[in-house]
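Trainee: Each chain, letter by letter, is given below.
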Amino acid sequence: MGERVLLKGNEAASEAALIAGCTHYFAYPITPQNEISAYMAKRMPKLNRTFLQAESEIAACNMVYGAAATGARAMTSSSSPGIALKQESFGYIAGAEVPAVVINMMRGGPGLGNISGSQGDYNMCVKGGSNGDFHNLVYAPATVQELADLTLKAFDVAEKYRILTLILGDGYLAQMSEPCVLPEPSGFKAEKPWALTGAEGRPAQVINSLRLADGVLEVHNRHLEEKYKAIEAAEVMFENFHCDDADFVLVTYGTASRVCKAAVMNLRKQGIKAGVFRPITLWPFPSVALAAAVAGKKQVLTVEMSLGQMVADVRLAVNGAVPVDFLGRPGGAVPMVDEVTERVLSYGR
Amino acid sequence: MADKILYTRPDSIRDVKSHYCPGCGHGIVHKLIGECLDEMNCREKTILVAPVGCAVLAYNYIDVDGIEAPHGRAPAVATGVKRAQKDKLVISYQGDGDLLAIGTAETIHAANRGENITVIFINNAIYGMTGGQMAPTTMEGQVTKTTPYGRDVHDVGYPIRACELLNTLVAPYYIERVSVHDVPHIVKAKKAIRRALQNQIDGKGYSFIEVLSMCPTNWGVDAQTGADWVRDVMQPYYPLGVFRDKDAEEASRVQ
Chain A
0 MGERVLLKGN
10 EAASEAALIA
20 GCTHYFAYPI
30 TPQNEISAYM
40 AKRMPKLNRT
50 FLQAESEIAA
60 CNMVYGAAAT
70 GARAMTSSSS
80 PGIALKQESF
90 GYIAGAEVPA
100 VVINMMRGGP
110 GLGNISGSQG
120 DYNMCVKGGS
130 NGDFHNLVYA
140 PATVQELADL
150 TLKAFDVAEK
160 YRILTLILGD
170 GYLAQMSEPC
180 VLPEPSGFKA
190 EKPWALTGAE
200 GRPAQVINSL
210 RLADGVLEVH
220 NRHLEEKYKA
230 IEAAEVMFEN
240 FHCDDADFVL
250 VTYGTASRVC
260 KAAVMNLRKQ
270 GIKAGVFRPI
280 TLWPFPSVAL
290 AAAVAGKKQV
300 LTVEMSLGQM
310 VADVRLAVNG
320 AVPVDFLGRP
330 GGAVPMVDEV
340 TERVLSYGR
Chain B
0 MADKILYTRP
10 DSIRDVKSHY
20 CPGCGHGIVH
30 KLIGECLDEM
40 NCREKTILVA
50 PVGCAVLAYN
60 YIDVDGIEAP
70 HGRAPAVATG
80 VKRAQKDKLV
90 ISYQGDGDLL
100 AIGTAETIHA
110 ANRGENITVI
120 FINNAIYGMT
130 GGQMAPTTME
140 GQVTKTTPYG
150 RDVHDVGYPI
160 RACELLNTLV
170 APYYIERVSV
180 HDVPHIVKAK
190 KAIRRALQNQ
200 IDGKGYSFIE
210 VLSMCPTNWG
220 VDAQTGADWV
230 RDVMQPYYPL
240 GVFRDKDAEE
250 ASRVQ
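Protein chains in written order, with numbering that gives the first Met the number 0: chain A, 0 to 348; chain B, 0 to 254.
If we strip away everything but chain A, and leave its shape as in the complex, we get (with noise of 0.2 Å):
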């Protein structure tokens, strides 16, 4: 067992970086996530690893790109108009299959926005953001010590499908402090054969994303799909929290799912039935699994903090089977327990 420590979201996200052996972190200041610059900056050096302050977001995410590519475990991390900048390198990215691993601690938009934690980039974070036919692999911690174990994980996975990883969080995660046990390194090792360390005793390779000759590149968009249903299949996360017997099912994730579990306890204590469905990775969505959850249910009502992102996908997944309603806060609000339960209450029995 790792020590229990209490940490900021933000620094348990570093420290869990630094565990999983991440070597190469680029940053550029942007609140709520500079805890994570600074905490790098003072750790980094010591353990002999690069920490690098870059003149842009545009150019951070794209010297994870360089140092990814030539096998290091590299990370940047920003809050949502940053990310909207680094999202031209991450088309790179996935053309390239580069592991990278990116974190979004969302804030209010669209643009400059607030502070505040907000889920206003389920689209731009989960539908890809770039150009072309991609998918990033998001997961969406809910807690600190959720945080530090997916952070941990998302370097594993990023070098076992080449694909960028990405943390999406938001500004209250970033900065609520809570008991953490830090992750112990996993273990996992990946090959990287494609790794660019010069040509030595083998051909030169080539890492781009440029296909030009007729049918090349459908060829490589249909060994990403490939790919793609690879993760699919293995890497779905999600969490059931007293779904199986309930009447109403709230479908939530990150930091709107604590308070949509505060309001199931509340309804229980009222003999209402009502469950929790969160998913941890937001692409791939547990489609099949949500669907197998709400079935039979008298109401789904997903509850997210912008004007309604997730709840495509959640009403793509139980595809009409059952009636699914919106509750959502945008600008940096939170959705408050009554609210939550009112509405559920007002269902009816």
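Please note that a few of the clues may not be correct.
[Claimed, not checked] Quick list of in silico lysine-lysine cross-link-like pairs, BS3-like style, CA-CA up to 25 Å:
no.: 1; chain 1: B; residue 1: Lys44; chain 2: B; residue 2: Lys203
no.: 2; chain 1: B; residue 1: Lys85; chain 2: A; residue 2: Lys188
no.: 3; chain 1: B; residue 1: Lys85; chain 2: A; residue 2: Lys45
no.: 4; chain 1: A; residue 1: Lys159; chain 2: A; residue 2: Lys191
no.: 5; chain 1: A; residue 1: Lys41; chain 2: B; residue 2: Lys85
no.: 6; chain 1: B; residue 1: Lys190; chain 2: B; residue 2: Lys30
no.: 7; chain 1: A; residue 1: Lys191; chain 2: B; residue 2: Lys85
no.: 8; chain 1: B; residue 1: Lys245; chain 2: B; residue 2: Lys189
no.: 9; chain 1: A; residue 1: Lys226; chain 2: A; residue 2: Lys126
no.: 10; chain 1: A; residue 1: Lys159; chain 2: A; residue 2: Lys126
no.: 11; chain 1: A; residue 1: Lys188; chain 2: A; residue 2: Lys45
no.: 12; chain 1: A; residue 1: Lys191; chain 2: B; residue 2: Lys44
no.: 13; chain 1: A; residue 1: Lys7; chain 2: A; residue 2: Lys41
no.: 14; chain 1: A; residue 1: Lys7; chain 2: A; residue 2: Lys45
no.: 15; chain 1: B; residue 1: Lys203; chain 2: B; residue 2: Lys187
Rather than coming from a laboratory, the hints here were simulated on the basis of the structure. This one's a predicted model, so the numbers in the text were calculated from it and none came from an experiment.
Given the coordinates of chain A, assemble chain B onto it according to the supplied hints.
Mentor: Same frame as chain A, now just chain B:
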């Protein structure tokens, strides 16, 4: 009597057909890099960062490990590569749109950090790959697809001099502008590239070589006219020479 071989393809250059146009300077500069890598025995320790532009396929010709950067981001990608592979020779090969328009921030900050990389900058005063639009280095009055009446400097500004701009920074170790419009200048260009690569091997820091080069296709001229235009029109505005040489500065201080 055995024939004496005076000229051959460098080992570091692949035996493949080139996609470059007749009279283009890219092939010449590729060959110079290949010759330098051969002479320095560095082919197997080189990682080439290719830009977006005509040279995006540079790794098809130069037989080294390569990575393709998003448009303008080559110095950032090269920074990531070099910070992870410190004993490798990292070359960022870029054109004028890539280096001085969309990638200006990356260019200046990699130089300002003194990244121990070598940047080879091909200045042919035009966007070649996309069919001849105005570049940041397009000459005043020059006709391109997006300046059909000639570059109006009062409307879109003056051509940017990269060496002079970077020479305002403290960190760069070596900055030189060369040309490949004729054989004597090609020989000088090779020396500059060799010098810049050696600086990196010696851990001295950031070296920047600007190469004035020809794009006859998009200039709408024949190969010889293109070479003459580099000499007669570009060189007066982009003077050749060494702008920064910390070795020489150090030597003069010692004296």
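Trainee: Decide, hint by hint, whether the structure agrees.
Mentor: Taking the hints in turn, this is what the structure says about them:
no.: 1; hint: B:Lys44 with B:Lys203; result: holds, 17 Å
no.: 2; hint: B:Lys85 with A:Lys188; result: holds, 22 Å
no.: 3; hint: B:Lys85 with A:Lys45; result: holds, 18 Å
no.: 4; hint: A:Lys159 with A:Lys191; result: holds, 10 Å
no.: 5; hint: A:Lys41 with B:Lys85; result: holds, 22 Å
no.: 6; hint: B:Lys190 with B:Lys30; result: holds, 13 Å
no.: 7; hint: A:Lys191 with B:Lys85; result: holds, 18 Å
no.: 8; hint: B:Lys245 with B:Lys189; result: holds, 19 Å
no.: 9; hint: A:Lys226 with A:Lys126; result: holds, 17 Å
no.: 10; hint: A:Lys159 with A:Lys126; result: holds, 21 Å
no.: 11; hint: A:Lys188 with A:Lys45; result: holds, 23 Å
no.: 12; hint: A:Lys191 with B:Lys44; result: holds, 17 Å
no.: 13; hint: A:Lys7 with A:Lys41; result: holds, 16 Å
no.: 14; hint: A:Lys7 with A:Lys45; result: holds, 21 Å
no.: 15; hint: B:Lys203 with B:Lys187; result: holds, 21 Å
The earlier numbered hints are all upheld by this structure, with none contradicted.
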